[in-house]
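K.L.:
From these two lone chains plus the hints, build me the complex, please.
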Amino acid sequence: MMRRGIAKRVGAIRFAYMSPDEIRKLSATKIITPDTYDDDGFPIEMGLMDTHLGVIEPGLRCKSCGGRVDQCSGHFGHIELAMPVIHVGFVKEIKKLLRSTCSECGRILMSDEERDMNIGEMRDLEKLGGDSLDVRKMAKEISGDARKSDICPHCGAQQLKIMLDKPTTFREENTKLTPKEVRARLERIPDRDLIPLGLNPEFVRPEWFVLKVLLVPPVTVRPSITLESGDRSEDDLTHKLVDILRINHRLRENRDVGSPQLIVEDLWDLLQYHVTTYIDNQTSGIPPARHRSGRSLKTLIQRLKGKDGRFRQNLSGKRVNFSARTVISPDPWLSMNQVGVPVRAARELTVPMKVTGENIELIRNMVLRGPEPWDRDRYIPGVNYIIRPDGRRIRLTETNTETVAEKVEVGFTVERGLMDGDVVLFNRQPSLHRMSMMAHEVKIVPGKTFRMNLAVCPPYNADFDGDEMNIHVLQSEEARAEAKIMMIVQEHILSPRFGGPIIGAIQDHITGLFFLTHKDPLFTRREVVSIFSNLVMEGSPEAIEVDGERMWRGKEIFSHFLPEGFNIQLRSSICESCENCKKRDCENDAYVVIEDGKLLTGTIDERSVGAFKGYIVDKIARDFGTSEARSFIDRITTLALGVITLKGFTTSIQDEDLPRMAIRQIEDTLQQAEDDVRKLAESYWNGELEQMPGRTLQETLEVMALQRLGKARDSAGGIASKHLGLGNNAVKMARTGARASILNLTQMAGALGQQAIRGERPSRGYDRRTLPHFEKGELGAGARGFVRSCYKEGLNPIEFFFHSMGGREGLVDTAVRTSRSGYMQRRLVNALEDLMVYDDKSVRNPADTIIQFEYGEDGIDPMRSIKGKAIDMDDIIMEMNALKRARG
Amino acid sequence: MGRLNVMKHALVPIHRLVPRDEEAEILGKLKASKGQLPKILKADPVLKQLIEEHGDIEKGRLIEIERVSMTAGVSKAYRLVVERE
Ligand SMILES: [Mg+2]
Ligand SMILES: [Zn+2]
Ligand SMILES: [Zn+2]
Ligand SMILES: [Zn+2]
Chain A
1 MMRRGIAKRV GAIRFAYMSP DEIRKLSATK IITPDTYDDD GFPIEMGLMD THLGVIEPGL
61 RCKSCGGRVD QCSGHFGHIE LAMPVIHVGF VKEIKKLLRS TCSECGRILM SDEERDMNIG
121 EMRDLEKLGG DSLDVRKMAK EISGDARKSD ICPHCGAQQL KIMLDKPTTF REENTKLTPK
181 EVRARLERIP DRDLIPLGLN PEFVRPEWFV LKVLLVPPVT VRPSITLESG DRSEDDLTHK
241 LVDILRINHR LRENRDVGSP QLIVEDLWDL LQYHVTTYID NQTSGIPPAR HRSGRSLKTL
301 IQRLKGKDGR FRQNLSGKRV NFSARTVISP DPWLSMNQVG VPVRAARELT VPMKVTGENI
361 ELIRNMVLRG PEPWDRDRYI PGVNYIIRPD GRRIRLTETN TETVAEKVEV GFTVERGLMD
421 GDVVLFNRQP SLHRMSMMAH EVKIVPGKTF RMNLAVCPPY NADFDGDEMN IHVLQSEEAR
481 AEAKIMMIVQ EHILSPRFGG PIIGAIQDHI TGLFFLTHKD PLFTRREVVS IFSNLVMEGS
541 PEAIEVDGER MWRGKEIFSH FLPEGFNIQL RSSICESCEN CKKRDCENDA YVVIEDGKLL
601 TGTIDERSVG AFKGYIVDKI ARDFGTSEAR SFIDRITTLA LGVITLKGFT TSIQDEDLPR
661 MAIRQIEDTL QQAEDDVRKL AESYWNGELE QMPGRTLQET LEVMALQRLG KARDSAGGIA
721 SKHLGLGNNA VKMARTGARA SILNLTQMAG ALGQQAIRGE RPSRGYDRRT LPHFEKGELG
781 AGARGFVRSC YKEGLNPIEF FFHSMGGREG LVDTAVRTSR SGYMQRRLVN ALEDLMVYDD
841 KSVRNPADTI IQFEYGEDGI DPMRSIKGKA IDMDDIIMEM NALKRARG
Chain B
1 MGRLNVMKHA LVPIHRLVPR DEEAEILGKL KASKGQLPKI LKADPVLKQL IEEHGDIEKG
61 RLIEIERVSM TAGVSKAYRL VVERE
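Those protein sequences? They're chains A and B, same order as listed. Counting from 1, one number per residue, gives the positions in the first sequence under the working numbering. Counting from 1, one number per residue, gives the positions in the second sequence under the working numbering.
Same shape as in the complex, but just chain B (with noise of 0.2 Å):
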């Protein structure tokens, strides 16, 4: 039996690794650091996906969230990986 991939749920916004190169232009973008960002567990979900499509995801990566806004049609969201709260 398939275990359910919650990143195809329709509730489930688009999350995507950002890859280190990207990690200081979008830091740059958004003047702030890595430490400002809001976080995600790494026994979050959808992480736990992720990892199993990346291999292994250490805590300090960055998360790009695509969401679907009420206001802006499409908002990008960014969190920090993190072990534990």
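Pulled out of the complex, with its shape left as it was, chain A reads as follows (with noise of 0.2 Å):
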């Protein structure tokens, strides 16, 4: 089992500072004239564009090394500054220097003997693993220790403060130091004080960190580009440095004919401007370098910073052909297992398909239809590119169908348009879990949106209020096999994070197949033809009699869906979990029996066909396979919606309307509640409040309150539910699972309740009171942000208020949540992605390194589990029960 192991390893990789000789060594020629190219266009010598520094047109020579462009990746040039500017990427580094050296000496603000110590200790550090993190933190409080001298303890000089005024300019007290007497106390620092402050004498020598001579990256870093007009536009960079030039040149000769001071000082500021600009051109501080057009421009830093820069644009992120994006939409019609291609995509991208002896007439029959064929208004795969077997490519267009179509041979490839079946990756972002990526077929449909079956929403995390999601065409045989077998939505049905199903029923679905089975209603035969006419029948549930015509009952047509030989035992989501469970003879019918297929007892809910919880589903996908799984899941859906268009559903504020008496009596709990709570801060301030064990006084009252408030919201939510019923639809909803929750009616008609700020009651604001309205120390239920008042009728000014601070936590808290957990999870995914299961169960890395000794120690897949366990010892049972009674 022994595999290949690692041929080379990274050892370190080091980062350091060039010295202006190595830039000279480095320079293919010195560039001293700003212009760029002659009036023939052609490069100027010792300019910008000089051939020396390679070449970006066609036809040219470099003259460093010959090659053509192709060949030749460029060389760097230098410019010769007139005098030294501060390169602003180190002012740190500088500033850091200048204040613990001695202005006069240059030597490191310590005595030799701790200089030493701290050498030592730093070595040790590096010694016992330390990263260069740690180093730079040690050597920034080294620094801070010389700092504290004002005495030089090696010359007695008196050190003055050092100030930097950003982004480049340093002061010492009151005098302005140029970057030339910079430069020189850097140079004044001997090579064992640099040590300690973190630098390494054998690579770097501070004093570079002032620029004498300017490395001038190639051409090719920064060509210049023809317009249609045949003027030229040149490079950002190249920009900046004729500037650099410019001045540079400028900056010489008032300084060689002894202008006065303040002329060449302003020269030289405006230097630094252009070289700091050059390097950075978002310096705090400055203004940035603009275009004539107003734009910015973009300089070194602004090349590899932000989500634009090289690094997350260009080498971590990557553009991809053959995928598309559109607006997502919903599409009852179609199977879990599809996905809706609108024509303009699917004109758009290509499948290849290799011509050969078998398909040849076929092929060349397609290539004649053209690239957008159409059948009256069905459409019909196009050809967009034929490929020659030398990797050329004709375009088809509607006039060369004919020509092309002659030179179709054996071995060519065509490229056509997407059909209906082709297989196809489906996604939406954030991509957290495998299945957000799964292999659907395609159908071509009209209109502009992609479109879904609702069953896969779960998996995805989708809703329509305006979801984009990509498609991605396969392009090899291979792909397509591997997609069709592990990656097609049916696979997908059971969840490897908790051993459930996680494609499902969900909202409408739910409703449906509630109104289908809740106390077995019956059905007229109109009814039935209604609610099957989006369905393809096999065969048809058996009618009964009642009052001499023929009925169908709810629960018969939901069994004609269920596979034979299906057994299954549970409780529904509208179970009221009586202390004594009647199972099937519940009165609620909310105890599911389901045996041998005939659903006996029981409302189909959630927790038999949800998404996430729906324990049919599950069972049908591990007993019975995933198609059966996915074909129950898209008939059922299909049922459930033609039941629910059959009887109407809807909901509205009306549904949270309460009888006065139920009105009154939550006011009254309420009431009665906030009188508690005050008579609690009463003994609390009476000192006679009992404190509980480890809690303070203070504590203590928090949590009765809160528990007393609690208990206020929930019976009032329990009045409120009692007068509301399973008759109402919005309780319909909340009981079978189908959408929202019994709190949220509880919030809309009975109270809010208490607003919570990291889970206590809102306490700050003003001085004692949390808003003016109140006494100081006030401690009752209202002035701590109990609402009483319920959505439906409204909230006063004051539970607005508190209501918005819960709300803002509820909104800060995700936002902290979705970009920590973000960066939990790519962090586990950066550490585990390259682990493999190997079939002897071990996890092992690719050196083939043993990382666990048995997948999850117990080595069962999530998948194939019954949530986490191996089996099902209950299920077991039930269905051998099962069998024995099928045998009499």
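Everything labelled a hint here was simulated from the structure, so no lab data went into it. It is possible that some hints are incorrect.
Mimicking EDC-like on lysine to aspartate or glutamate, the simulated pairs with C-alpha atoms at most 16 Å apart in a straight line are [stated by the list, open to error]:
1. B:34 / A:848
2. B:39 / A:699
3. B:76 / A:857
In this text the structure is predicted, and so the values were computed from the model without any measurement.
P.N.:
Laid out in structure tokens, this is it:
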């Protein structure tokens, strides 16, 4: 089982800074003139486009290496600066160095013993495995220590305070330090004194942070583009370098002829500005250099940094072909294995077809039909490209179909548009689990949106409020086979996350099935036909005779779609968990019994068929396979929509209307609670409140108040739901698990209840009170964020304020949570992505070392487990009993 | 004052020094060479304790760890003794 080991391993990477000498040595030419091209359009010698720096035009040869455009990757040049300037990237480092060394002798501001001790400690840190971040932190501490002494221990010179005027000007008390002086000071620092300050003198000298020579990147890094008008347009970096060269030139001239100090200094500052913006055009404290159009220039740092920078845009991010993205919309007529692809996308996306002896005639015919064939208004896949064996591509147009069709030979490849049945990957970001990217079969549809069955909303976490999704068209037979076998939607009905179904009925599906099965209603022939009108039926359910008329029982209709021999027993979502469950005889019809594919008792709702919960879906997928499960979900969801369409279903705020008596009851309950809390607060002030063990007196009060108010809201909700009952549509949805919850109804009809900030009653805001409407020290319910109004009646301004506090916390929490858990997930995925479970159940990495001796320690695949267990004993016993009964 | 025996701590799983003659069988069962096993430092507190009990344990020996597992009840893992990382 030994596989290849790791051939080479990167030991370390060191970033260092280039010395002026290194820059000169690296340079292919010195750049002196700010002009780029001469009148004939040829690059000027020693200009920014000098062909020593590489070539960007075909036909020219590089003067440094003789290579052509595609052979020479370019060479660096350099500019000798008339006066030194500070490198913005290193101002912090320079400041640190200036402050911790002597302004006269350049020594570090500590005794030699101290310095050597620090060096020793730093070496120890490295030896103990401290990384560069630890070393940097230590260097910062050492320089902080050094800065404390204001007299040099070596020469006794008084040290003045050095300030940095952002971004690049240094000041000593009130006199400005020119870059030249800064450089001179840095030069004076001896090598050994650099070590405790975090610089390695073997590789870097601090005076290099003050630039005397500027490295000029090759022209290939900043190519000029020729516009259609024939004008040349230069890269932002070239523009900036031109500025630098111009000012550099003027500065040198003025300095050499002995111009007034003021003029020279102004030019010097200007040069500093240009070099600074050349490096980072978003340096705070100076206006960014702008293009004539007003757009700010994209200089060195801007090329690398941020979302549009080299790293995130070009190195980590890739664009992909054969993909499409658009808004999604629901389509209950599609199978969950399908995806509706609009014609526009289907014409653009292609599948390669190899021409063989078998299919050559067929393909010639396809080519003859052109790129956009229609059969009346029926879509037919077109052909966009023909690829010859040598790789040449021919675009098929309406006019060249016949000539191209003749050319098609065995060995050619033809790229045809999508057609029904093609396999594509369908994806919605954020792709947090493998169900975020599943294979679907294409169905070409009119319109402009991707369409999907509603049962696959949960795995993608999709809704239709403007969500967009991507498809990727598979390009090879292997990929298609793999996708069809492993990634097709039905293979993901059971989630590997919790060993239960993640795909199933949602919302109206559940309500519809409730209407079909609860208390076993009867349906007339007309109604049954209407319900079935969108289903492809095999056979039909048995009718019964009622008052001389043929009628169909709802449970019988549902049973028609269950596989034969299917047995299960479970409690519905609507079960009230009575103390003594009467099971089959439940008067709420809340105990589901299915024997041999017949629904005998019980209401079908979320716990039977819902996504995440549906036990029936779960068991069908396990015992009858994924195809059966897919067909079951497809059919019962369509069935449910048939029922709910027939019955009609709506909800409105009137669903939360309560009889006057109930409202009074709720008010009394809340009043009682508020009174109780007021009494609690009084006893707290009187010192009569009994302290709870392990809590302060104040905590005791808070706990008791929260308890009392929580109870009040619950009983308000209890009163409300007692008066609403299962006849109410909102309650129907909440109880069956179709949508919303009893808590939502409570808050609409009863009271909103306590608003919490970090799990506690709001307490801050003003001096000893939350709002100026209360007395200082008031601790009653209303003063601490209890909302006794309900959504339906509306909140008063004070309640609204507390509610907004709670709401804000919710929003902030979700924002923080998503970013944090996203990063956690990313790190986890990066750590685990290339581990594999081998057939001996061991988990190993690519170097073949063992990570876990047996997968999950028990070797159980959670997707094939029953709620994490290998077998479900209760289920087996139930099945055996069913078998025994069936045999008599 | 007796030194703390880390192996008696409730949170430290059971460690056992695998006798040399069992090694081949275990490695065969795992379908792995010694180099593919997770490592345990000789400086590990548990190993120090084992050395106190067994005398020196040179690098290359196997340690069997018996852990209480949430999923499997008890699970066994093996580690290879190494001098340093
Ligand atoms: Mg949405
Ligand atoms: Zn070249
Ligand atoms: Zn000094
Ligand atoms: Zn019951």
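K.L.:
Please go over all the hints and tell whether each is borne out by the structure.
P.N.:
Hint check:
1. Between residue 34 (chain B) and residue 848 (chain A) the alpha-carbon distance is near 11 Å, which keeps this suggested pair within the 16 Å criterion.
2. As the CA atoms of residue 39 (chain B) and residue 699 (chain A) are separated by approximately 49 Å, the hinted pair breaks the 16 Å bound.
3. With a C-alpha separation of about 8 Å, the suggested pair residue 76 (chain B) and residue 857 (chain A) falls inside the 16 Å cut-off, and the hint holds.
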